[in-house]
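Peer 1: Below, each chain spelled out in residue letters.
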Amino acid sequence: MSDPHLGFIIAAYAVAAVTIGAMIGWVVLDSRRLNAELARATRALSGARGRKGAEHP
Amino acid sequence: MVNLANPTAFLDLAHRVLPWLAAATIALFVAGLWLAFAAPPDYQQGETVKIMYLHVPAAWMATFVYAVMTAAALGTLVWRHPLADAAQKAAAPLGAGFTFICLATGSLWGKPMWGTYWVWDARLTSVLVLFILYLGIIALWRAIDDPGRAAKAAAILTLVGAVDLPIIKFSVDWWNTLHQPASVFRLGGPTIAPELLAPLIVMSLAFTCLFLTLHLMAIRNEILRRRIARVTMLAAVEGDRLAPELAAGGAR
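Order-wise, the sequence lines are chains S and Y.
Taking this note's numbering, the leading residue of the first sequence gets 1, the next gets one more, and so forth.
Taking this note's numbering, the leading residue of the second sequence gets 1001, the next gets one more, and so forth.
Note that these hints are calculated values from the structure, not bench results.
Computed from a prediction, not measured in an experiment: that's the story for all the values here.
Even glycine gets a Cβ: it sits at the ideal position worked out from N, Cα and C.
There may be inaccurate statements among the hints.
Distance ranges between label pairs, derived from CB positions [said to hold, decoys possible]:
#	chain 1	residue 1	chain 2	residue 2	range
1	Y	Ala1031	S	Arg49	51 to 61 angstroms
2	Y	Trp1114	S	Ala22	19 to 29 angstroms
3	S	Gly7	Y	Trp1120	24 to 34 angstroms
4	S	Leu29	Y	Asp1146	40 to 50 angstroms
5	Y	Leu1128	S	Ala22	15 to 25 angstroms
6	S	Arg32	Y	Trp1114	38 to 48 angstroms
7	Y	Ala1031	S	Arg32	28 to 38 angstroms
8	Y	Asp1146	S	Gly25	33 to 43 angstroms
9	Y	Gly1115	S	Ala39	18 to 28 angstroms
10	Y	Trp1175	S	Gly7	47 to 57 angstroms
The following block holds chain Y by itself, in its conformation from the complex:
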């Protein structure tokens, strides 16, 4: 079992896994896009259903990434895992990216289907809150200089914000929303035709692999950032130790 708490072991694992993940991401995107454009039009939405092959996976990733960040926040505060805060920090911009895709593609689907780009309906609003939470967490990491304090503050904000996840999931059941209820993950099975479901599943796998690839790379970047800080500090300490000796040598 690889000890993932050890940054060197993590870097070694990432080095071995990343090429495979990147290849799987490219292959799944090629297959997913081919299936999406070969799929028949929906009987109500027409070709506009093709936007769903981006919107739905992005929406799933938006909440999945936040769930990963919530687990990482627990890892920081409860288990004090040394890489948990790096995982949380690395995931936030990716989650924001997926949420932005979800909101933008949903808006571009809404205009031709609903007649409007935006409504303040419970599902749309709760996803917008998620996007703002991501931006808040990114801002918090940048605002606090001490990495330890920043990690704790970001973890607390992430845990508080996790209340938005069940609201997003059940908003379509709890309130009367313009947004349609769940049609894939529901009791009784999916209500989507298999020809439309297949590209959706493949695109979702592609988005998941993309996140895993970029997340591993971003965590690796965080480890590098810490190494740079440590090496720079060591160089400064060595320089400080040397400075009086050099000054004394110069005075001789």
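Here chain S stands alone, though its shape is the one from the complex:
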């Protein structure tokens, strides 16, 4: 493909790729972080309930 405006075409595809990559990255990284946080919160809740159970068997 030889075109005098090739630079504009490449720049447009690069901008789209970076933006789509950022959108995918935002959703995927957020999902990983939230799953780890939920596991930590669930452990904390189980720990609190476990301590309560040990206090009042």
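Got chain S sorted already, so can you dock chain Y onto it with the hints?
Peer 2: Coordinates of chain Y only, in the frame set by chain S:
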């Protein structure tokens, strides 16, 4: 019929649908890009027409996502659907992303074709307003701590901003604009040659599948965020109940 108001049922549906949607997105992008680069150059734009295969689907998605958010805003305010505000919150950054692609690729097409990156023409300006609306809605969600109040405020702003959608669509008819009028969705059928229309349609389907995939994942993230808040609160309540007993035990 799956009860989508139930977050657990929604998560189950998302778990089953997401792999298929992601696969369809990848397949459509591969096919769309192959068709786009195999398509002949336009008789006026030359190879620069290849930017249209990104710009036009992104523009359609920019307005489609806002329409989804408008429906979700109605779901929040009128029908009080429990997942409507999650759907609205999850869609805003995606809509902003598609609008940014639309503006950036349009600008990169405008320089070689119009001789300028930007003009304050009605179509371009109304799309810029849409981008600012998306940023405003994202900022509003972050600015208000109470999720219920944030949802209502964001829903109201979304509904007010929906007036921009018909302005974007009909701006090229209502005003003299440098931006060309509709050439695909118009009375009398598309004016684009079939060889150029095919990659445009496939790329549009790819963008639509990408949005559906990311939107489902982002709604799932919102449900997780709420579960974390609930579990953290329960853990704190259990800890508070236990604290006096532990203190009393320590004093013994």
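Peer 1: Each hint: holds or not?
Peer 2: Structure-based check of all given hints:
1. Under the hint 51 to 61 angstroms, the C-beta atoms of Ala1031 (chain Y) and Arg49 (chain S), about 52 angstroms apart, fit the expected range.
2. A beta carbon spacing of about 28 angstroms between Trp1114 (chain Y) and Ala22 (chain S) agrees with the range 19 to 29 angstroms that was offered as a hint.
3. Between Gly7 (chain S) and Trp1120 (chain Y) the beta carbons are some 25 angstroms apart, a value that agrees with the proposed interval 24 to 34 angstroms.
4. In this structure, Leu29 (chain S) and Asp1146 (chain Y) break the distance hint of 40 to 50 angstroms, their C-beta atoms being roughly 26 angstroms apart.
5. Taken as a hint, the range 15 to 25 angstroms holds for the pair Leu1128 (chain Y) and Ala22 (chain S), whose Cβ atoms sit roughly 20 angstroms apart.
6. In this structure, Arg32 (chain S) and Trp1114 (chain Y) meet the distance hint of 38 to 48 angstroms, their C-beta atoms being roughly 43 angstroms apart.
7. The supplied range of 28 to 38 angstroms is met by Ala1031 (chain Y) and Arg32 (chain S), whose beta-carbon atoms lie about 30 angstroms from each other.
8. Between Asp1146 (chain Y) and Gly25 (chain S) the CB atoms are about 29 angstroms apart, so this pair departs from the stated range of 33 to 43 angstroms.
9. Checked against the hint of 18 to 28 angstroms, the pair Gly1115 (chain Y) and Ala39 (chain S) fails, with Cβ atoms roughly 56 angstroms apart.
10. Between Trp1175 (chain Y) and Gly7 (chain S) the CB atoms are about 32 angstroms apart, so this pair departs from the stated range of 47 to 57 angstroms.
Checked against the numbered hints given earlier, this structure breaks hints 4, 8, 9 and 10; the rest are met.
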